[in-house]
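One line per chain: the protein sequences are Y and S, in this order.
Residue numbers for the first sequence, in this note's numbering: 1 to 313.
Residue numbers for the second sequence, in this note's numbering: 1 to 313.
Keep in mind the hints are simulated off the structure, nothing from the lab.
The hints are all genuine.
Copies of the same chain look alike in the list, so a pair counts if it fits in one copy or across any two.
Subject to a maximum C-alpha distance of 30 angstroms in a straight line, what follows is the list of computed DSBU-like cross-link-like pairs (lysine-lysine):
{"#": "1", "residue 1": "LYS54", "residue 2": "LYS110"}
{"#": "2", "residue 1": "LYS203", "residue 2": "LYS2"}
{"#": "3", "residue 1": "LYS153", "residue 2": "LYS272"}
{"#": "4", "residue 1": "LYS54", "residue 2": "LYS91"}
{"#": "5", "residue 1": "LYS85", "residue 2": "LYS96"}
{"#": "6", "residue 1": "LYS287", "residue 2": "LYS23"}
{"#": "7", "residue 1": "LYS70", "residue 2": "LYS203"}
{"#": "8", "residue 1": "LYS85", "residue 2": "LYS110"}
Protein chains: 2
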Amino acid sequence: MKLPAKVSIVEVGPRDGLQNEAKILTSAEKIRLIDALAAAGLNRIEASSFVSPKWIPQMADSAELIGALKVPAGCRISALVPNDKGYDSAKAAGLKEIALFMSATESHNKKNINKSTKEALDTLAELAKRARADQLFIRCYLSVVFLCPYEGKTDPLKVEELVKELFEIGIDELSLGDTIGGATPSDVWRMIERLERSCAKEKLALHFHDTRGTALANVLAGLEAGITTYDASIGGMGGCPYAPGAAGNLATEDLVYMLDGMGIESGVNLEKLLDAGELAQELLGHKLTGRYLQACLASRAKSLKKKEMEACS
Amino acid sequence: MKLPAKVSIVEVGPRDGLQNEAKILTSAEKIRLIDALAAAGLNRIEASSFVSPKWIPQMADSAELIGALKVPAGCRISALVPNDKGYDSAKAAGLKEIALFMSATESHNKKNINKSTKEALDTLAELAKRARADQLFIRCYLSVVFLCPYEGKTDPLKVEELVKELFEIGIDELSLGDTIGGATPSDVWRMIERLERSCAKEKLALHFHDTRGTALANVLAGLEAGITTYDASIGGMGGCPYAPGAAGNLATEDLVYMLDGMGIESGVNLEKLLDAGELAQELLGHKLTGRYLQACLASRAKSLKKKEMEACS
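Turn these sequences into a full structure, and let the hints guide you.
Structural data, given as structure tokens:
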């Protein structure tokens, strides 16, 4: 089995994770978390979102937060940008990277951002134009590429067309989102096989949710298909907006555990990542859904003998 | 990617799952659960264990339970058998299939059954001899084949030798257990590549735990390696004996969801399986760890709109 020797992880917990959490953290708390993530070796962190505080109160401090961050050299910080106003703020905050977003289906664009797919694409094109002029790195999220909560199976042809248009617009990287966590490995193979005809695999990232337990199997499928960038959220933070209490984002620790076991380099230290996960739980005041985190914290709590601890770590 | 068109699932919830649950169910409750599992189309169910009630009080009713079961024709029922006494009872109960067990490491055999590996193998050989004479189907579990909580990485050469000896003894099927849920897909590929030199892949089953979220990725690796039998436990029932509160057995619904999505036939109806999972939670009085189960039950509870329900189911 030919697999990449090295992958890049984009930590989306501080944005995609926190925006689905009820408890609003202070900027100081978010900084502690981001510092812990960077200390674990994560070198791409999506730190916040420049959306209206009316939409997502958790992200109201985006400008101050970005301004106050002091991450190690080599750690790339980005934030989500929905519109011109958000772009202005992101630029003013000194970001070198932004993330734009839209959905692959008409209904999800309508429900999520109250725009048609055409309108979403136009907005995105204008923002990308500004970002290119400003020489910012442009990540883009395309949501519900496999399954849409409103339309069922997403039309792969539609996804292919949108992906082409997005790269024509000038984005640097596209994160393909299994937003409701419904994909299985066959879906991933088929999608990448389709998309690699028209775009470079190095520019594609995969963003899985573990809602039905398939996230790491889908990562394996992605690795086999040659994709080298994966999104993940510390502790699986964020849950599933469609099903409160259920798992959402793929947990970063679960991803790193599997990559480590397979000898695939990610640059992330699993023990330090566990500390970041423990901190995230402490800050949020509840358990997160990540499997590795829960197993290891339970082992720690039970004060297992040294050998057993080692087997766990 | 060449994958099997069809796989067989061995439901181990009523034995491997329940034996790790604190609440002791009545025989009537267990029968309800087993009936629900059979109704979902599961045609291999490990229903109980003929161990001493002193070891595992949950299994004290094994003889009455097996005697009272009325599963559909074609549904194979088996039970775990640790010794001659258990074998006598299993045979008296009219079972056509039994499951024997031992571990791949010296320490795990010692801690788990207070026998050396040699002694465990001798006991197993005697039981297998009786079962062959009685024309029973003999499944065997080999625990900790990848990672041992006491010894760390298990020596693959040792596993290979044991597997050869077990088939020489005359077992019909061997279930390779990732008992503490530490394996990653590379481990699975390597193990199967090693074992297929000396035994038929059709006689191998894989038994994964989802302790670190890797269970379905490991199933995918197993499918790619040509293995067609997988163990799973309804709702992920049973947890992890080494880490209370953490996930244990691979949840049957998660497995079936992935297989369905990949077009791999299992004969199991996912909606009915969900009913069995809901029943298991109701009987045990607590939430189980299965991802699909929690996502779907949360959606049901939230009374999502029809379209969203469909996206979940």
